[in-house]
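With the sequences and hints as input, model every part of the structure.
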Amino acid sequence: MPTVTLNKTVFEELVGKKLPLDELKDRISMLGTDLERIEGDEIEVEIFPNRPDMLSEQGFARAFSSFIGVKKGLREYVVKESDYNVIIENSVSNVRPYTACAIIKGIQFDDEKIKEIIQIQEKMHVTFGRNRKKAAIGLYPLNKITFPVTYKAEDPTKFKFIPLESNNEMTGLQILSQHKTGQEFGHLLEGKEKYPYFIDANKQILSMPPIINSDTVGKITRDTKDVFIECSGFQYDVLHKCLSIIVTALADMGGEIYSVTLSYGKETKTSPDLTPQKMTFDLKYINKRLGLDLQEKDAIELLSKMGFGYDNGNVLIPMYRNDILHQVDLAEDIAIAYGYENFKEEIPNVATIGEELPIKKFARKVREILTGLKMVEVKNYHLMTVDDLNTKMNLENPLIPLQNALGEHNHLRNAILPSLIKNIRENQHNEFPQNIFEIGRVFTKDPNTETTISEKDHLAMVLCHEKTDFTESKQVLDALLTSLGMKYSIQETQHTSYIPGRVGNIIVNEKSIGIIGELSPDVITRWGIQVPIVVFELDLEKLI
Amino acid sequence: MDLQKLSLKLHPLERKVLPVLKKETEFNAITKKSGLQEIEVMRALQWLENKEIIGIHTEKKKIVLLDKNGMKYRKEGLPEKAFLTALSDEFKGLNVITKKSKLSREEVNACIGLLKRKVAIDVKKEDILNVKITEQGKKLRTEPSFEEQFLAKEFPIDLLSIQDLDKLAFDELKKRKDFLKIEEQKTVTVTLTEIGQKLLTTNLTRDVINRLTPAMLKTGSWRNKEFRAYDIEINVPTTHQGKKHFVTEAVEYITQIWLDMGFKEMSGQYVQSAFWDLDALFVPQDHPAREMQDTFYVEGEASLPPVWKKVKAVHENGGDTGSTGWKYTFSEDETKKILLRTHTTVLSAQTIANLTKDDLPAKFFSVGKVFRNEALDWKHLFEFYQVEGIVIDPNANLKHLKGYLTQFYKKMGFDKVRMRPAHFPYTEPSLEVDVFHPVKKEWVELGGAGIFRPEVVKPLLGFDCPVLAWGQGMGRIISEYWNITDIRDLYRNDLKQIREMKSWLK
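Chains as they are written, first to last, in the working numbering: chain A, 2 to 545; chain B, 60 to 565.
Careful: at least some of the hints might be erroneous.
To be verified - Every beta carbon over 10 Å from chain A, so not counted as near; a handful from chain B, in silico:
{"#": "1", "residue": "Lys91"}
{"#": "2", "residue": "Asn109"}
{"#": "3", "residue": "Ser147"}
{"#": "4", "residue": "Leu218"}
{"#": "5", "residue": "Ala288"}
{"#": "6", "residue": "Gln331"}
{"#": "7", "residue": "Gln352"}
{"#": "8", "residue": "Glu433"}
{"#": "9", "residue": "His459"}
{"#": "10", "residue": "Gly521"}
{"#": "11", "residue": "Leu564"}
What the hints assert, rightly or not - Below, computed lysine-lysine pairings styled on DSSO-like, alpha-carbon distance capped at 30 Å:
{"#": "12", "chain 1": "A", "residue 1": "Lys106", "chain 2": "A", "residue 2": "Lys159"}
{"#": "13", "chain 1": "B", "residue 1": "Lys236", "chain 2": "B", "residue 2": "Lys158"}
{"#": "14", "chain 1": "B", "residue 1": "Lys555", "chain 2": "A", "residue 2": "Lys375"}
{"#": "15", "chain 1": "B", "residue 1": "Lys158", "chain 2": "A", "residue 2": "Lys380"}
{"#": "16", "chain 1": "A", "residue 1": "Lys380", "chain 2": "B", "residue 2": "Lys561"}
{"#": "17", "chain 1": "A", "residue 1": "Lys345", "chain 2": "B", "residue 2": "Lys475"}
{"#": "18", "chain 1": "B", "residue 1": "Lys555", "chain 2": "A", "residue 2": "Lys285"}
{"#": "19", "chain 1": "A", "residue 1": "Lys380", "chain 2": "B", "residue 2": "Lys438"}
{"#": "20", "chain 1": "A", "residue 1": "Lys423", "chain 2": "B", "residue 2": "Lys438"}
{"#": "21", "chain 1": "B", "residue 1": "Lys428", "chain 2": "A", "residue 2": "Lys380"}
{"#": "22", "chain 1": "A", "residue 1": "Lys543", "chain 2": "B", "residue 2": "Lys438"}
{"#": "23", "chain 1": "A", "residue 1": "Lys289", "chain 2": "B", "residue 2": "Lys470"}
{"#": "24", "chain 1": "B", "residue 1": "Lys428", "chain 2": "A", "residue 2": "Lys375"}
{"#": "25", "chain 1": "A", "residue 1": "Lys134", "chain 2": "A", "residue 2": "Lys220"}
{"#": "26", "chain 1": "B", "residue 1": "Lys469", "chain 2": "A", "residue 2": "Lys362"}
{"#": "27", "chain 1": "A", "residue 1": "Lys289", "chain 2": "B", "residue 2": "Lys416"}
It is worth saying that the hints were derived from the structure and are not from the lab.
Here a beta-carbon is modelled for each residue, glycine too, at the ideal position from N, C-alpha and C.
Right, dumping it as structure tokens:
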């Protein structure tokens with residue numbers, strides 16, 4: 002999860018109030034952000050992905066200030082009209098079709114502010130922008146650009162410029178193969194015949210989104226006062242949201258916002274548009290969901306603590322908010338403003354009947370019977386290696402691999418037995434007899450299921466000591482099935498894991514429900530064990 | 060203790076050994092006289108000591124024993140005696156002497172060196188070695204030497220008791236091959252205590268019953284006889300019980316809490332489609348948590364239930380829920396991906412999809428395994444238990460959510476529960492659940508909770524209804540209960556650990 006690092010002094014100035022440390026910590030948590038650490042003058046806060054507007058110092062301070070009641074209500078942001086124009090050519094439609102742009106004037110850039118802006122840009126790239134795939138942001142010193150700017154796409158061998166952190170002119174293609182940033186984000190342009198770029202009226206290339214800016218005209222310095230901002234991507238609404246979050250943070254930094262006219266062929270748009278969105282307010286719904294009995298004026302007050310405006314039954318939602326999809330989102334904000342700590346627990350008088358799953362109840366019974374026979378239950382993972390499932394068992398069964406397992410356990414087990422034998426191997430230093438069992442799930446391919454995989458709950462047991470033999474395993478099976486009131490028979494079979502003539506299918510109601518036998522010395526020694534082992538494994542569900 | 064009672068407690072072995080102790084005090088002598096095996100005597104003496112009838116004293120000392128040559132020459136006489144006898148005042152050739160003395164070549168060589176040192180012979184070397192006896196030699200021939208006197212003693216001899224001339228002889232003989240050996244000996248001696256003395260005056264040969272046999276019961280021969288009283292305070296060998304895995308105990312306990320609170324148990328598959336695990340829960344398809352590294356994927360394509368189209372609409376534009384949706388194009392390929400469930404919340408989604416209005420209000424829970432693609436280490440498992448719950452009730456609200464969780468955690472041993480704002484794509488409000496740790500005196504985060512969004516509920520249930528939901532991790536509570544610091548120890552399946560683990564007693 003992304004974090005934002007705040008300078009305590011700057012933060013307190015932006016908030017407009019100093020809080021004692023304990024209260025500050027508590028309020029940060031109760032706003033719905035996780036406090037990571039406070040050290041000296043640095044505060045690090047984790048921001049949940051639904052609130053990208055809090056990823057900047059300014060955005061976080063804005064929300065916090067309202068929440069503690071200092072600067073409440075809807076913040077007004079003025080967008081001044083201008084005649085800056087960006088022309089979007091049709092050539093970008095198959096590459097990266099949209100952009101939303103703005104101008105910010107009058108910021109006194111110093112090293113601290115440049116650092117802040119880069120932080121906002123980077124955090125937005127990683128989270129909201131999904132690593133620049135969904136939205137990429139570019140900032141440029143206004144005085145180096147001549148309008149109108151054009152956004153177009155072209156064969157990447159046909160255009161070139163000097164990218165940031167380089168001394169040489171490179172073509173679009175060269176940037177992808179030779180430049181560090183190009184290599185990192187090149188996959189976003191993979192397979193495209195044309196690459197997009199911004200170019201000004203003097204034919205200077207500004208940048209090649211979503212990769213890199215030009216070193217000549219795409220670099221903010223301490224001399225910069227006014228900036229041109231563009232966001233590029235695939236959906237205009239998303240880009241406009243991204244732009245709104247950035248321009249409001251820059252406005253809080255002291256900048257003035259100017260609009261840009263976007264010409265999409267015949268259609269024109271003006272960005273940014275910071276007019277608040279409206280949502281009808283359903284107080285009854287919210288009160289019901291929260292278990293509260295708020296009056297309209299209480300609710301309006303709580304909304305104002307979360308930075309919302311209110312106008313005649315409608316909530317005014319600031320453009321920088323990205324998380325208000327439905328009435329329930331207002332309910333949550335009201336709950337936060339009300340204080341989660343202020344909700345009293347309540348158990349409603351609703352009668353329902355508890356009920357355990359039949360298989361779980363049955364498994365509990367089986368456990369009782371087997372522990373009554375002095376057996377020990379083990380619990381293993383459902384993921385294992387092919388070596389354990391097949392090779393060591395002298396089997397060649399089809400298995401289900403995982404596509405991307407990080408650890409060595411990369412196949413779903415199709416039987417419990419290998420897990421139990423593995424346990425025996427790892428317990429060689431402990432006392433014998435080692436009589437163990439497990440109830441758990443196994444997986445096999447089955448195209449007739451929703452997921453193409455069939456799951457069954459199995460029971461397996463292993464007896465391991467010097468004098469164990471087939472008779473003993475059958476005694477356990479007999480005790481178990483007799484206790485469960487079942488008739489069964491054993492039918493001799495062939496199986497490569499067992500000694501011939503000492504292995505059989507367990508038959509209940511004329512169907513095989515499992516296997517019982519004495520493991521072959523070959524299998525036992527493959528596992529590195531030197532004590533005889535007898536086993537059975539059966540499908541638990543077939544016993545119910 | 061009452062002598063009568065004490066006498067009754069005696070084991071047959073004790074009964075046999077005790078009378079011997081009247082005369083004998085040393086272990087070997089006791090064993091010999093009792094006619095029992097060493098181990099039997101040892102056990103009997105130990106029990107007698109436990110009953111304070113005797114005291115056992117163990118002493119370690121070094122003793123000298125005759126080795127094989129020592130024994131041989133004790134019988135035959137030392138070779139130097141035979142050598143001296145074969146000599147005269149004239150020089151004689153060595154082969155003549157050897158023949159006459161009947162000694163071996165090796166013995167002769169040893170004798171020459173030895174006797175030269177004792178000035179008992181003169182040696183002259185010509186073509187061959189010539190030897191004659193001296194006056195000192197003649198003396199030695201008639202008198203027994205120190206060595207002979209020492210060899211004649213009764214062995215074993217306490218090493219520390221060897222003194223003066225014996226010491227000289229001992230040092231001399233020790234140089235010779237296989238004459239003497241020194242061993243460490245443990246001497247066990249026994250003394251009777253006052254109780255022991257008194258006990259010996261009673262009749263120890265009484266006929267007591269040891270093991271009760273079916274034959275005695277049949278014939279009634281046990282009547283009019285006394286039973287030997289056992290020493291029931293003594294330690295016994297460990298026996299092993301059958302045992303459930305300790306994690307099962309915790310799972311069963313948690314299950315019981317929810318059953319007591321009127322919740323029904325949910326079931327479901329471990330392998331799920333991305334549709335059920337994520338999309339039905341309104342997790343946007345480009346959500347960072349959906350990326351490959353967090354989730355185990357299995358090859359193939361899942362088939363989708365008919366409701367998938369409603370879910371698609373909700374993602375794209377909110378469908379009929381009154382929501383704006385996530386405003387993107389929903390991918391059918393993505394939703395068909397097959398994965399190992401990342402949370403048991405998938406079971407809640409499937410359960411809701413199977414309910415009708417008549418089933419409400421309803422409460423469900425599950426305690427089940429979930430999977431995260433991680434390599435195993437002391438802090439991370441790739442599969443672990445999650446405790447899931449939902450309440451589908453038209454009148455449910457946030458206060459009830461806090462109420463249910465508070466009750467649950469009370470039964471788990473935590474009296475105070477706190478809610479903090481959080482974010483999950485499928486709940487609104489979303490909250491983090493903390494409990495106050497009574498020992499550490501701090502808030503501990505245990506899991507997420509919230510009220511399902513209408514975007515989740517309406518497509519699955521058919522109408523909007525508050526659904527309280529929670530998914531809590533139990534690993535922390537379980538590990539802490541059994542003082543487990545390396546989380547892998549939960550599933551190490553070490554039989555000694557499982558056998559000796561204390562039971563879940565909450």
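Status of the hints after comparison with the structure:
1. Residue placement check: B:Lys91 keeps its beta carbon more than 10 Å from all beta carbons of chain A (closest about 37 Å).
2. Non-interface status of B:Asn109 relative to chain A is upheld: no Cβ of that chain comes within 10 Å, the nearest being about 27 Å off.
3. Listed as outside the interface, B:Ser147 is consistent with that label: its C-beta sits roughly 73 Å from the nearest C-beta of chain A, beyond the 10 Å cut-off.
4. With a cut of 10 Å on Cβ distances, B:Leu218 stays outside the contact zone with chain A, its closest approach being about 42 Å.
5. The beta carbon of B:Ala288 sits about 31 Å from the closest Cβ of chain A, which is more than 10 Å, so the claim that it is off the interface holds.
6. With a least beta-carbon separation of about 6 Å from chain A, B:Gln331 fails to lie farther than 10 Å from that chain, contradicting its non-interface assignment.
7. Distance check for B:Gln352 against chain A: the nearest CB is about 8 Å away, which does not clear 10 Å, and the non-interface claim fails.
8. Against the 10 Å criterion, B:Glu433 falls within the reach of chain A, whose nearest CB is about 6 Å from its own CB.
9. The non-interface label for B:His459 is inconsistent with chain A: the shortest C-beta to C-beta separation is roughly 5 Å, within 10 Å.
10. For B:Gly521, the requirement that its beta carbon stay farther than 10 Å from each beta carbon of chain A is met, with the minimum near 18 Å.
11. Against the 10 Å criterion, B:Leu564 stays outside the reach of chain A, whose nearest CB is about 17 Å from its own CB.
12. Proximity of A:Lys106 to A:Lys159 is assessed by CA-CA distance (about 34 Å); at most 30 Å being required, the pair is judged violated.
13. A distance of roughly 23 Å separates the Cα atoms of B:Lys236 and B:Lys158; the hinted pair therefore holds under the 30 Å criterion.
14. Between B:Lys555 and A:Lys375, the direct Cα distance comes to roughly 14 Å. Compliance with the 30 Å bound is thereby established for this hinted pair.
15. Taking the CA atoms of B:Lys158 and A:Lys380, the gap is near 84 Å; set against the 30 Å cutoff, the hint is violated.
16. For the hint linking A:Lys380 to B:Lys561, the alpha-carbon distance of about 17 Å falls within 30 Å, and the restraint holds.
17. A threshold of 30 Å between alpha carbons decides the hint, and for A:Lys345 with B:Lys475 the separation of about 12 Å falls inside it, so the pair holds.
18. Between B:Lys555 and A:Lys285 the CA atoms are separated by roughly 60 Å; this puts the pair beyond 30 Å, and the hint is violated.
19. Taking the CA atoms of A:Lys380 and B:Lys438, the gap is near 18 Å; set against the 30 Å cutoff, the hint holds.
20. Between A:Lys423 and B:Lys438, the direct Cα distance comes to roughly 23 Å. Compliance with the 30 Å bound is thereby established for this hinted pair.
21. As the CA atoms of B:Lys428 and A:Lys380 are separated by approximately 12 Å, the hinted pair is consistent with the 30 Å bound.
22. For the given pair, A:Lys543 sits about 38 Å from B:Lys438 by alpha-carbon distance, which is inconsistent with the 30 Å threshold.
23. The straight-line distance between the Cα atoms of A:Lys289 and B:Lys470 is roughly 28 Å, inside the 30 Å bound, and the hint therefore holds.
24. Between the alpha carbons of B:Lys428 and A:Lys375 the distance comes to roughly 27 Å, so the proposed pair stays at or under 30 Å and holds.
25. Proposed proximity of A:Lys134 and A:Lys220 is supported: the alpha carbons are some 22 Å apart, at most 30 Å.
26. For the suggested pair B:Lys469 and A:Lys362, the alpha carbons sit about 25 Å apart, so the restraint of at most 30 Å is met.
27. Pair hint A:Lys289 plus B:Lys416 holds up; C-alpha atoms about 19 Å apart against a cutoff of 30 Å.
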